[in-house]
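Protein chains: 4
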Amino acid sequence: MNPTSAPVFSAAATAAPALFSRFRAVREQTEALCRPLLPEDTVVQPVIDVSPPKWHLAHTTWFFETFLLREYLPGYAVYHPDFAFLFNSYYNSLGSRVNRADRGTLSRPPLQEVYAYRAFVDKHMEQLLALQDTLPAAFQELFELGLQHEQQHQELLATDIKYILSTSPLAPAYLPTPALPAFSQPAPPVSWLPVTGGVHRIGFDGEGFCFDNEQAPHDTYVADFELQNRLVTNAEYLAFMEAGGYRDFRYWLGEGWELVQQQGWEAPLYWVLRDGQWHRFSHHGLVAVNMAAPVTHISFYEADAYAHWRGCRLPTEQEWEIAARQFGAAPTGTFLESALYDPQPLPPDAPADQCHQLLGDAWEWTYSAYHPYPGYQRAAGALGEYNGKFMLNQLVLRGGSCATPESHIRLTYRNFFHADKRWQFTGIRLAR
Amino acid sequence: MNPTSAPVFSAAATAAPALFSRFRAVREQTEALCRPLLPEDTVVQPVIDVSPPKWHLAHTTWFFETFLLREYLPGYAVYHPDFAFLFNSYYNSLGSRVNRADRGTLSRPPLQEVYAYRAFVDKHMEQLLALQDTLPAAFQELFELGLQHEQQHQELLATDIKYILSTSPLAPAYLPTPALPAFSQPAPPVSWLPVTGGVHRIGFDGEGFCFDNEQAPHDTYVADFELQNRLVTNAEYLAFMEAGGYRDFRYWLGEGWELVQQQGWEAPLYWVLRDGQWHRFSHHGLVAVNMAAPVTHISFYEADAYAHWRGCRLPTEQEWEIAARQFGAAPTGTFLESALYDPQPLPPDAPADQCHQLLGDAWEWTYSAYHPYPGYQRAAGALGEYNGKFMLNQLVLRGGSCATPESHIRLTYRNFFHADKRWQFTGIRLAR
Amino acid sequence: MNPTSAPVFSAAATAAPALFSRFRAVREQTEALCRPLLPEDTVVQPVIDVSPPKWHLAHTTWFFETFLLREYLPGYAVYHPDFAFLFNSYYNSLGSRVNRADRGTLSRPPLQEVYAYRAFVDKHMEQLLALQDTLPAAFQELFELGLQHEQQHQELLATDIKYILSTSPLAPAYLPTPALPAFSQPAPPVSWLPVTGGVHRIGFDGEGFCFDNEQAPHDTYVADFELQNRLVTNAEYLAFMEAGGYRDFRYWLGEGWELVQQQGWEAPLYWVLRDGQWHRFSHHGLVAVNMAAPVTHISFYEADAYAHWRGCRLPTEQEWEIAARQFGAAPTGTFLESALYDPQPLPPDAPADQCHQLLGDAWEWTYSAYHPYPGYQRAAGALGEYNGKFMLNQLVLRGGSCATPESHIRLTYRNFFHADKRWQFTGIRLAR
Amino acid sequence: MNPTSAPVFSAAATAAPALFSRFRAVREQTEALCRPLLPEDTVVQPVIDVSPPKWHLAHTTWFFETFLLREYLPGYAVYHPDFAFLFNSYYNSLGSRVNRADRGTLSRPPLQEVYAYRAFVDKHMEQLLALQDTLPAAFQELFELGLQHEQQHQELLATDIKYILSTSPLAPAYLPTPALPAFSQPAPPVSWLPVTGGVHRIGFDGEGFCFDNEQAPHDTYVADFELQNRLVTNAEYLAFMEAGGYRDFRYWLGEGWELVQQQGWEAPLYWVLRDGQWHRFSHHGLVAVNMAAPVTHISFYEADAYAHWRGCRLPTEQEWEIAARQFGAAPTGTFLESALYDPQPLPPDAPADQCHQLLGDAWEWTYSAYHPYPGYQRAAGALGEYNGKFMLNQLVLRGGSCATPESHIRLTYRNFFHADKRWQFTGIRLAR
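Top line first, the protein sequences correspond to chains A, B, C and D.
Quick note on numbering: the UniProt record's numbering labels position 345 of the first sequence as 345, and the sequence is numbered without any gaps.
Quick note on numbering: the UniProt record's numbering labels position 3 of the second sequence as 3, and the sequence is numbered without any gaps.
Quick note on numbering: the UniProt record's numbering labels position 159 of the third sequence as 159, and the sequence is numbered without any gaps.
Quick note on numbering: the UniProt record's numbering labels position 110 of the fourth sequence as 110, and the sequence is numbered without any gaps.
Simulated from the structure, these hints should not be mistaken for lab results.
One or more of the hints may lead you astray.
[Unchecked claim] Covered by chain B, according to a simulated footprint, are these stretches of chain A (three or more residues, beta-carbon under 8 angstroms): (1) 15-28; (2) 36-45; (3) 344-351.
[To be verified] Which stretches of chain D does chain A cover? Using the computed rule of at least three CB atoms under 8 angstroms from a CB of chain A, they are: (4) 36-43; (5) 94-108; (6) 255-269.
All figures in this text were calculated on a predicted structure; none of them were measured in a lab.
Note that the Cβ used here is the ideal one computed from N, Cα and C, for glycine as well.
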């Protein structure tokens with residue numbers, strides 16, 4: 001998900017060893033994601049959206065160093081004076097930095113030094129957490145934010161790694177192919193779940209952590225609507241392709257149609273036709289497209305064109321959240337921890353009256369602009385840049401994906417990307 | 001305004017001579033706008049957003065020819081077979097056309113021939129209107145749309161002409177300076193008008209014409225809010241400038257801050273400093289900035305940054321319409337017919353408890369994405385491209401401007417532009 | 001030709017009335033070229049290479065005003081203080097100016113005012129020439145340069161007007177089609193004229209005017225070679241096209257091959273296929289290609305690829321001048337004064353042992369970089385920018401074209417363009 | 001040097017073990033150059049001119065595989081079918097390939113596999129060389145070309161590595177700083193060596209290998225001239241900088257002046273001002289500029305502007321070679337084998353009547369376009385693309401540099417780069 005949502009602070013106090021244990025678990029997850037990579041894989045940036053894995057490893061570390069160690073650990077000296085320039089992402093408050101487009105030109109510091117940097121910061125974080133009883137409440141909030149921030153980058157690592165490996169004609173596998181049940185069975189037919197309109201409350205109002213962009217809870221009005229009970233499958237999307245969907249301007253927004261022509265889009269990202277059969281590049285190399293699985297790696301424009309072709313539409317984020325609160329999230333979603341790195345097909349016997357795949361599997365494009373909720377205020381200081389300054393010209397996605405850590409997602413979570421982006425695990429659920 | 005909103009059809013039947021008289025009045029207004037121009041002025045396109053006046057004159061004519069004469073006038077032969085290629089704006093349904101960026105490279109057909117084309121079409125329109133009793137209801141709807149479409153281009157003509165003349169260091173005046181009262185008095189202090197929240201109905205539900213993007217009327221929920229009773233003035237905006245507003249990233253959206261730096265923005269479009277005093281290029285050449293008048297020619301980014309600096313925000317389009325319906329539009333707005341081409345200052349004694357300048361003077365940026373209203377459907381055929389395909393990545397503006405024909409605007413009117421556009425008469429009204 | 005060659009000064013003294021008469025003749029030639037144009041035609045700049053005719057009319061006038069009237073006419077006040085900004089072409093010495101790419105965005109001053117500017121300057125030039133006996137020798141040199149400069153712009157006017165009118169699908173004719181003999185006869189077979197190598201003297205060493213880039217006369221060594229006795233014809237070039245010349249990278253320089261693919265070149269500029277027959281846009285609208293006429297409007301890359309395909313090569317400029325001095329220039333070339341605006345076919349009985357079309361008809365690409373001759377020095381002051389600063393990355397063309405004034409060309413004349421340019425009357429003569 | 005000069009074939013026959021020993025020595029030199037690098041350093045491409053070291057390692061190997069093993073070793077099967085796509089540089093004859101700009105996006109195959117590829121090819125080359133008595137003469141010529149080609153890439157490796165490491169603010173050293181004599185002494189004063197003009201013979205006419213662009217030997221005429229007896233020093237160039245050379249358009253070619261302004265050039269590439277003293281990034285990290293050493297990393301534009309400022313000029317390549325043949329090359333040049341990677345200062349007692357630094361130290365820009373010599377013919381087949389297709393819009397450089405293998409350079413060697421390139425070891429020697 002987009003690593004740019006500032007926190008709302010409500011984490012409960014916990015003992016220092018437990019805190020450090022949680023800290024280590026999150027940090028270890030990041031490193032585990034990078035372990036199958038070669039040093040060469042951690043440096044490149046084939047397109048501006050994709051950051052080098054080495055950069056993610058260092059940037060998340062710089063975040064703890066900058067917002068926690070420098071603020072709260074007495075006598076802390078930064079690991080290297082140039083790392084703020086190298087690993088600041090977009091905080092104007094924290095000074096100048098490498099242009100985003102140039103992240104892939106920097107071979108130094110090498111991967112091993114980035115790991116040394118991580119170890120250095122981790123060691124000092126352990127010292128800092130031992131002092132936690134003496135620290136103000138703000139510390140705990142920032143600590144939680146640091147963890148959530150690193151989880152956001154775990155999803156980006158999963159998707160950036162996929163993109164990086166995909167650029168090679170060698171189609172290298174990130175991981176060996178998992179032993180999965182053969183997918184010979186089609187997905188169950190879609191059903192439409194009705195939602196009664198009216199004034200509903202949305203936004204985060206629970207315990208624990210949320211980002212500031214989920215605040216404050218507020219009322220909103222929607223009319224009656226229906227929502228599909230599962231994600232759109234590859235088979236359904238292929239029908240759109242075969243019906244000439246990519247060649248008929250009538251289904252497309254104007255900007256989308258221009259992109260289709262300029263980029264020569266005729267299928268989701270990563271799809272290639274081999275010997276008359278559609279394959280796709282995956283974390284396990286090139287594999288046949290599983291027609292029962294949810295379609296993913298499509299832009300908002302493609303999601304919207306598909307909806308038009310079906311005579312339906314995409315939901316708004318308000319509709320999505322209201323429906324999700326009503327139906328509850330089924331516990332069967334696919335998350336990062338599964339190490340499957342692909343949205344999974346629904347069992348053929350999945351109940352037609354339940355709403356499936358709301359959390360996990362694939363982010364769901366909504367036809368809602370990523371704008372501030374009523375009453376939203378940017379925080380003061382550098383963290384005020386975490387979120388608010390991105391609230392224009394992007395669309396909200398909901399529900400998390402197969403690359404989202406399960407402990408990171410919730411029904412009120414607002415992810416956001418520009419309409420043309422395809423390298424995230426993005427999917428479609430229709431409304432009408 | 002952006003000439004891209006397809007019609008909803010509810011015009012009442014009228015006798016043919018009256019129809020033609022109204023037709024001629026609209027057509028004449030367009031030509032009157034171009035009368036002060038030289039042939040040279042009607043050809044150039046200094047930036048892609050600005051179309052040559054000659055193109056506007058021809059394109060509006062092509063619209064009547066294509067959607068009315070070719071459909072309904074028996075035996076009608078088009079004026080010239082290449083004009084569809086030359087003067088189609090963006091209708092994929094109607095075939096290929098000159099690239100938008102190349103409109104300013106075409107010296108031919110010359111202005112005189114474009115006027116001949118107008119006369120040819122007008123003459124045939126008179127013949128067609130004489131047949132109106134025999135024509136289906138759809139004809140009348142298209143006729144109304146043709147008039148409204150031409151009115152949209154009248155506003156664009158006014159703003160494009162201004163831009164075209166502004167590129168010359170000679171700062172030529174489009175018109176002689178009007179005799180206006182000296183503007184020695186400051187604007188009245190702003191007051192905040194409270195609006196009670198709840199579920200309100202918005203969208204067009206009246207008699208007569210509206211564009212399809214104003215449909216259908218529907219309920220929406222807003223919380224309590226307050227709205228300023230007048231537009232932000234040049235004096236108020238200058239205070240933002242002098243407080244360093246253009247140099248402090250904290251007030252800006254990320255994309256806006258990049259633009260400020262790339263483009264070197266430090267004032268509204270057309271402002272220049274001469275001998276220590278701010279002037280602006282206007283339809284009357286270079287004139288001193290009237291500090292009591294509404295600020296105009298600012299992008300959404302500037303409007304939003306100004307609001308941040310004030311500790312306020314921009315309204316949503318829902319809030320704007322709910323407030324406007326509650327307060328009513330004062331009758332004193334400045335419209336195209338005034339031939340003033342500038343938003344006018346409010347009298348110092350304007351009542352503090354009224355909402356001024358809602359219609360006319362300057363389009364008001366809202367913090368609402370230009371998305372479809374609930375239940376919106378694109379029309380079939382070419383007119384389905386009029387509007388719906390633009391419903392992404394633009395922002396809604398409300399209320400019309402000093403370049404909008406008075407008969408063209410209403411409280412439900414949804415204009416839309418990208419956030420960086422500055423050449424329209426755009427202004428600011430704050431909410432909180 | 002490229003208006004960028006500073007003068008060498010050797011004009012003989014002449015009486016003032018005769019001088020003014022010559023001045024008027026050159027000035028009138030320029031205006032005659034623009035007379036068939038509409039004001040709209042004089043404003044646009046469809047590509048950066050092409051300047052608006054209005055700009056040419058004003059720039060040549062500014063040249064006389066700046067270098068002669070301001071220097072030598074006592075009490076002269078410039079016509080308008082902003083015209084130096086508007087009509088300076090590229091003289092850094094003379095201050096800032098409109099970006100070249102923006103010349104086509106300026107509708108003002110209008111054409112009529114540019115003519116008024118011309119009349120104003122002409123009137124003062126008459127006054128100045130009346131004083132000529134009192135003026136230093138440098139005056140006469142600058143006067144001659146002003147005339148030659150204006151003649152250079154006459155050629156550019158002819159080619160820029162052609163390009164401007166060509167952008168319209170209406171294919172408007174600049175002039176009615178001239179009554180020419182039917183071109184039913186093929187061109188005579190080409191013959192190869194031998195030239196004996198050795199040390200030869202080249203460069204301008206005669207009486208009268210030359211540009212500084214033709215100086216100084218100097219020795220050069222060439223080996224024995226042969227040169228074709230006429231220009232390559234359209235028929236011969238079409239054979240290259242039909243043999244797949246535009247689809248085989250082996251004939252092309254690397255940069256040329258990239259251009260062929262990016263631009264989709266498959267014929268000379270202005271050629272279009274209509275009903276299976278090649279036509280070309282001309283000053284007389286769209287006409288069938290005369291296969292006996294010299295090919296023109298080809299880039300250096302195309303000339304060089306054609307030569308490769310023939311197993312020949314392009315001559316160097318040294319070879320061209322040595323041959324031209326040996327064979328002499330036949331008097332039958334086509335020049336601007338003919339108002340034909342097309343290179344003309346050679347009579348079928350043109351003698352095989354003469355060298356035809358050396359002067360006039362089409363500029364001949366040489367495989368010589370436009371570099372300074374030995375001993376070349378830039379002049380001091382603004383005129384030092386006339387020429388020397390362009391001496392890199394361009395190629396020399398020789399011999400003048402059908403758009404060159406006959407009194408302007410000579411065998412030592414060095415014209416120069418970048419290898420990709422096609423809008424001049426450029427042609428091919430092979431060597432081996 | 002630019003790896004694009006096809007061979008002329010005159011290598012004498014040698015016994016197979018000696019051939020393989022020479023082969024191994026060249027191959028080992030390449031690997032030795034890469035040994036100080038980390039895997040991360042071998043992947044990136046910070047600008048399009050710079051290729052990843054991993055690519056150089058593989059491309060030179062692909063060259064032997066493609067032109068020798070596939071042609072001459074019976075039964076040879078390529079190492080990997082995708083490597084031709086990945087490691088073909090620019091041979092259209094050999095099919096499609098990775099865009100040059102995308103070389104730095106490919107993390108795979110990893111460095112270790114590229115070394116395995118090298119070992120695989122080397123092993124088969126040993127087998128092939130054992131068969132040499134049975135191979136045609138063309139084999140030996142291609143073998144020699146493969147070695148010379150790899151030496152060209154050694155120079156590129158040295159300069160590309162420098163550029164890659166320079167992009168990091170960490171300024172990492174490629175090698176520890178060598179123990180060099182302190183450079184406290186200024187360079188000896190320059191002296192001018194006279195050369196008598198006339199017809200001279202240039203071009204390769206000796207024994208052994210040369211590239212086809214050095215062929216054929218031919219006569220050329222030059223006038224009398226003088227040449228500086230050593231390269232321009234940093235101290236001399238600094239005087240130009242301090243005299244405002246980078247701020248005065250009069251010294252510059254037009255395109256050069258535009259670059260100065262666009263790029264903000266104010267010193268050679270790699271120079272930075274630290275605490276008021278000029279430093280430069282080098283293979284040994286950031287070091288103080290040695291004022292006695294030759295200036296390097298300057299574009300042709302800077303070399304030419306410097307010459308103008310001095311009232312001199314750059315030599316032509318004809319002048320350079322004629323002078324070099326007359327004076328002979330002093331044996332003291334600095335080459336790749338020294339592992340110094342910087343042009344070295346001349347001893348203060350270097351004789352004033354000798355011509356120093358002709359070979360090695362820094363490539364010398366000439367004011368000669370890289371065009372074919374008289375009678376030049378492209379070879380048939382893929383190797384015809386080695387050289388000829390680049391013969392436009394580049395300038396000839398002579399003499400080799402501190403990054404050129406000593407066994408690779410000679411007086412007739414023609415290197416070539418575009419006028420704006422600065423990342424090679426380029427320097428200045430003046431003529432007059």
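Given coverage of the segment 15-28 of chain A by chain B, tested with a Cβ cutoff of 8 angstroms and a minimum of 3 residues = Result for this restraint: violated, n = 0.
Counting residues of the segment 36-45 of chain A whose CB is closer than 8 angstroms to a CB in chain B, do you get three or more?
-> violated (count 0)
Given as covered by chain B, does the segment 344-351 of chain A meet the bar of three residues or more with CB within less than 8 angstroms?
-> Per the Cβ count (0), the hint is violated.
Please count how many residues of the segment 255-269 of chain D have a CB within 8 angstroms of a CB from chain A and say whether that reaches 3.
-> violated (count 0)
Check whether three or more residues of the segment 94-108 of chain D sit with their beta carbon closer than 8 angstroms to a beta carbon of chain A.
-> holds (count 6)
With a Cβ-Cβ cutoff of 8 angstroms, does the segment 36-43 of chain D contain at least three residues near chain A?
-> holds (count 6)
Going through the hint list in order, the structure does not satisfy hints 1, 2, 3 and 6.
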